[in-house]
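With the hints as extra help, turn the sequences into a complete structure.
First to last, the sequence lines map onto chains L and Z.
Using this note's numbering, the first residue of the first sequence is number 1, and each one after it goes up by one.
Using this note's numbering, the first residue of the second sequence is number 1, and each one after it goes up by one.
Keep in mind that a hint or two might mislead.
What the hints assert, rightly or not - Taking lysine-lysine and the BS3-like style, the derived pairs with C-alpha atoms no more than 30 Å apart in a straight line are:
#	chain 1	residue 1	chain 2	residue 2
1	Z	Lys221	L	Lys74
2	L	Lys221	L	Lys46
3	Z	Lys74	L	Lys221
4	Z	Lys221	Z	Lys46
Stated by the list, open to error - To give a feel for the contact side, a few chain Z residues facing chain L, derived at Cβ under 7 Å:
#	residue
5	Asn43
6	Phe79
7	Ser82
8	Thr84
9	Ile100
10	Gly134
11	Asp136
12	Ala140
13	Ala145
14	Trp203
FYI, nobody ran anything at the bench for these hints, they're computed from the structure.
None of the values given here were measured: they were computed from a predicted structure.
Glycine included, C-beta positions come from ideal geometry on N, C-alpha and C.
There are 2 protein chains.
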Amino acid sequence: MKIVRYITAAGPQFGCIHDDIVYSIEGLPSRNAQQGARIGPLNSVKLMAPCRPAKIIALAINFPGATGLSETMKEPLVFLKSGTSVCGPYDDIVSPFPGINVWGESELAVVIGEHGSIFGYTAANDVSADNIEGWDHHLARSKAADTFCPLGPWIDTEYSPANRLIEGLQNGDVIRRGNSDDRLWGDARAVEWLSRWMTLEPWDVVLTGAPVRVVPRRYLKPGDEFIVRIDGLGELRNRFRENSVR
Amino acid sequence: MKIVRYITAAGPQFGCIHDDIVYSIEGLPSRNAQQGARIGPLNSVKLMAPCRPAKIIALAINFPGATGLSETMKEPLVFLKSGTSVCGPYDDIVSPFPGINVWGESELAVVIGEHGSIFGYTAANDVSADNIEGWDHHLARSKAADTFCPLGPWIDTEYSPANRLIEGLQNGDVIRRGNSDDRLWGDARAVEWLSRWMTLEPWDVVLTGAPVRVVPRRYLKPGDEFIVRIDGLGELRNRFRENSVR
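Written out as structure tokens, the structure reads:
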């Protein structure tokens with residue numbers, strides 16, 4: 001089943017999609033969801049992120065060639081993004097740090113189910129900013145601003161993550177590309193390891209790392225569009241802008 | 001009002017305390033709580049952490065003399081701990097990383113209210129572990145394991161954080177000591193700044209940094225007790241042990 005959330009006058013609703021048609025869900029979305037009544041064509045609803053995780057656990061340095069990789073590495077680098085950093089699959093990424101370098105990262109994401117199981121898969125953009133003090137850029141200042149985690153468009157509970165192309169495109173140019181099978185730690189290994197030291201809760205999301213750049217590093221300029229495209233999981237398409245509040 | 005949560009046969013309950021007596025709460029704990037019926041003496045209930053934050057935002061390098069401080073620093077270092085890292089004021093800290101150095105840090109914590117306001121104050125222990133790969137120890141591996149954030153014993157909604165002694169004790173010896181007024185960024189400034197780039201939600205917690213060590217660094221050994229003592233806010237008392245699962 002492909003689970004979505006969409007906006008209605010009564011608030012966010014879970015639904016599911018089949019052949020580009022949105023249906024309601026009967027039962028609990030995380031447990032025993034059944035396809036319900038027809039809502040309408042996919043393009044007639046405004047999609048939100050398909051879930052609102054309490055925490056987002058992100059793996060870095062999980063592809064061959066990744067910056068920071070060493071031969072003796074025993075485990076991937078793990079950092080947190082906040083649930084409040086999530087935005088929808090077509091929402092704007094709004095940097096609160098004008099003039100600071102921001103970039104996108106295309107990642108296959110695991111959505112956690114009950115008892116720490118793998119519930120399904122979705123696409124994520126691990127938007128990141130330079131840390132103004134030069135501190136580790138995996139810290140909150142760089143990773144956890146509002147809108148810094150586009151997620152969606154849906155959670156596929158029957159998805160096979162084997163041999164899937166993962167791409168990041170900026171203004172139509174492929175700038176990151178990799179295959180899910182090249183990840184140093186696969187989904188099951190990562191989730192099992194994380195759950196040894198951290199309780200994983202339903203709707204928590206694990207980002208499994210960005211494939212390497214295939215062009216020199218590019219930062220986002222206002223107006224740029226970043227696409228995360230994962231074979232069989234659809235696309236995130238988010239435009240970048242800056243907020244002048246800070 | 002001093003807000004607590006305690007365990008009952010029916011599950012966690014909010015309450016409030018007055019002169020070491022626990023009372024029920026009428027109204028919403030986060031909005032219009034009123035003291036209700038008498039439950040019993042404080043020592044007759046088992047306290048939990050007074051809230052379960054979705055996210056914990058922690059400031060580092062916020063005291064003079066802190067490791068990593070530079071004269072040109074524009075902002076404190078900000079990292080995230082997970083909500084699942086929270087444990088109660090007298091629970092055991094259980095390291096899932098046997099043989100890895102773990103230490104405690106005593107911190108004054110702000111609890112966020114509605115619309116990003118400061119709802120109250122509580123005490124926190126920012127338990128930390130060495131990162132096995134030598135990566136920044138503010139990352140999840142070091143900061144976000146289950147039980148790595150003792151919180152409580154209560155949230156004081158009328159607390160003044162001015163001129164308060166903050167101490168960390170290990171087996172009765174004071175190993176960290178500082179005054180809340182010495183913090184480089186105060187509560188209001190920190191919360192206002194964070195809210196420019198991150199939505200703060202009710203029950204989110206902001207740790208405002210550990211005062212410096214007054215003795216050489218000490219790591220926790222199994223059986224050690226770490227106390228966080230903050231003038232007017234009571235004490236956290238947590239015993240340390242290791243889990244052999246990993």
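Do the hints match the structure? See the list:
1. Between the alpha carbons of Lys221/Z and Lys74/L the distance comes to roughly 24 Å, so the proposed pair stays at or under 30 Å and holds.
2. Of the supplied pair hints, the one linking Lys221/L and Lys46/L holds, its CA atoms being roughly 25 Å apart against a limit of 30 Å.
3. Using a Cα cut-off of 30 Å, the hinted pair Lys74/Z and Lys221/L holds, with the two alpha carbons roughly 24 Å apart.
4. Proximity of Lys221/Z to Lys46/Z is assessed by CA-CA distance (about 25 Å); at most 30 Å being required, the pair is judged to hold.
5. Hint status for Asn43/Z relative to chain L: violated, with the closest Cβ pair at about 29 Å, above 7 Å.
6. At about 5 Å, the closest approach between the beta carbon of Phe79/Z and any beta carbon in chain L falls short of 7 Å, and the interface hint on this residue holds.
7. Evaluation of the Ser82/Z hint against chain L yields a held restraint, the C-beta minimum of about 5 Å falling below 7 Å.
8. The interface hint given for Thr84/Z holds, since its Cβ lies 4 Å from the closest Cβ of chain L, which is under the 7 Å cut-off.
9. Because the closest C-beta pair between Ile100/Z and chain L is about 11 Å apart, greater than 7 Å, the hint is violated.
10. About 10 Å separates the beta-carbon of Gly134/Z from the nearest beta-carbon of chain L, more than 7 Å, and the hint is not met.
11. The beta carbon of Asp136/Z is positioned within 7 Å of a beta carbon in chain L (closest approach about 4 Å), and the interface hint is therefore held.
12. The interface hint given for Ala140/Z is met, as the beta carbon of that residue sits about 4 Å from the closest beta carbon of chain L, less than 7 Å.
13. Restraint check, Ala145/Z versus chain L: the minimum CB separation of about 4 Å is within 7 Å; hint holds.
14. Hint on Trp203/Z is violated. Least Cβ distance to chain L is approximately 12 Å, over the 7 Å limit.
Checked against the numbered hints listed earlier, the structure breaks hints 5, 9, 10, 14; every other hint is satisfied.
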